[in-house]
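Chemist: Take a look at the letters that make up each chain.
There are 2 protein chains.
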Amino acid sequence: MNPAYIFPNQYIDKAQKLAKLNQKNTVVWLTGLSGSGKSTIAKSLEQQLFADNFLSAVLDGDNLRTGLCNNLSFSETDRAENVRRTAEAAKILLENGFIVVVALISPLAHMRQQAKDIIGAENFLEIFIDTPLNVCIERDVKGLYKKAQNNQIANFTAISQHYEAPTAPFLTIHTQNQTPQETAYFLYQKILPFVKI
Amino acid sequence: MNPAYIFPNQYIDKAQKLAKLNQKNTVVWLTGLSGSGKSTIAKSLEQQLFADNFLSAVLDGDNLRTGLCNNLSFSETDRAENVRRTAEAAKILLENGFIVVVALISPLAHMRQQAKDIIGAENFLEIFIDTPLNVCIERDVKGLYKKAQNNQIANFTAISQHYEAPTAPFLTIHTQNQTPQETAYFLYQKILPFVKI
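Just so you know, the sequences run in chain order V and B. First residue of the first sequence: 1160, per the working numbering; consecutive thereafter. First residue of the second sequence: 1160, per the working numbering; consecutive thereafter.
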């Protein structure tokens, strides 16, 4: 065999990978306060996608802080770089055919706009996890709000830094009156047209 | 239906994705001088993998410089950060079940060691694309050696910065006496046991 015939000098493109995976690719970008439920919803969403034979990847802000973004602080400048790197990682996954679920506070509008610019507006579904601050403070699953209120943590979103709610998200989700599973199932149905061939 | 029953509170793990993709995952890390043939070999390797129904992703140093690493210079410190981010991106793809082909000069041993530490030694196949400097200079596909020799580009590997050849790579590949396609086919056969279930 002369392998030259089966080796064109180019990478396999996105369309070929999507055909193999039998899905469309998109980025589902969950923004909201700490404790709003982003990661929990992302987990449920990925479970539902996988059960229906879709391949997704989750980029979880907490996990990225231990890896790709482990040399960044929580200053506004570094948060912007954190969002930028996350968007670039999402783009790499997207270009390889994945449905990407991002769970990241991404507090300011200009940061999310940059993410959208990097990823491409046509593949960027902004989802606002709209859990009110007082509910997040009551939950305080990680005990971070208490620390932030006691000044043991600086630069904490909605305590010592601003959170700008999206003005025109693809979807706004209220988490108070339903389980994360119900929320994720609602979200799943909304994104299905963007991932199903 | 009560969706709660099908939504455990966790992400889909690597093993589940690998089972769906019907492959094992690994990182094939190509190191070598500028012009040694890394990207060309990566393209051929991905074509061969895809033809045999494997799903891979290529992280090409040149492409990353326009995205994830677009705020880094070519100083030694920034090159180390460039290698680190590339390794973290490779790890994300790896954790999602992909075979990852990295084409990156990654000039110094400690940089590649860090990449290996991030990715995990058991999933890190270091491939030395051992094209001699004089051959790379003769090829000079991108015209960069000429510019580096004329001091129009600073911090150029093997001209104004050091390249440390791997001392114990998984594989050393000589590119002079065979086509990139033949080289890639040879490499493909060597990595097959690491990707085939």
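One or more hints might be untrue.
Treat identical chains as interchangeable: a pair holds within one or across any two.
As the list claims (entries may be wrong) - Straight-line distance between alpha carbons at most 20 Å, and here's what the computed DMTMM-like set of lysine to aspartate or glutamate pairs gives:
| hint | residue 1 | residue 2 |
| --- | --- | --- |
| 1 | K1250 | E1297 |
| 2 | K1183 | D1299 |
| 3 | K1349 | E1297 |
| 4 | K1250 | D1221 |
| 5 | K1301 | E1281 |
| 6 | K1173 | D1219 |
| 7 | K1275 | D1237 |
| 8 | K1176 | E1254 |
Since the hints were made in silico from the structure, they are not lab data.
Chemist: Would you pick out the hints that fail for this structure and give their numbers low to high?
Modeler: Violated hints: 1, 2, 3, 5; rest satisfied.
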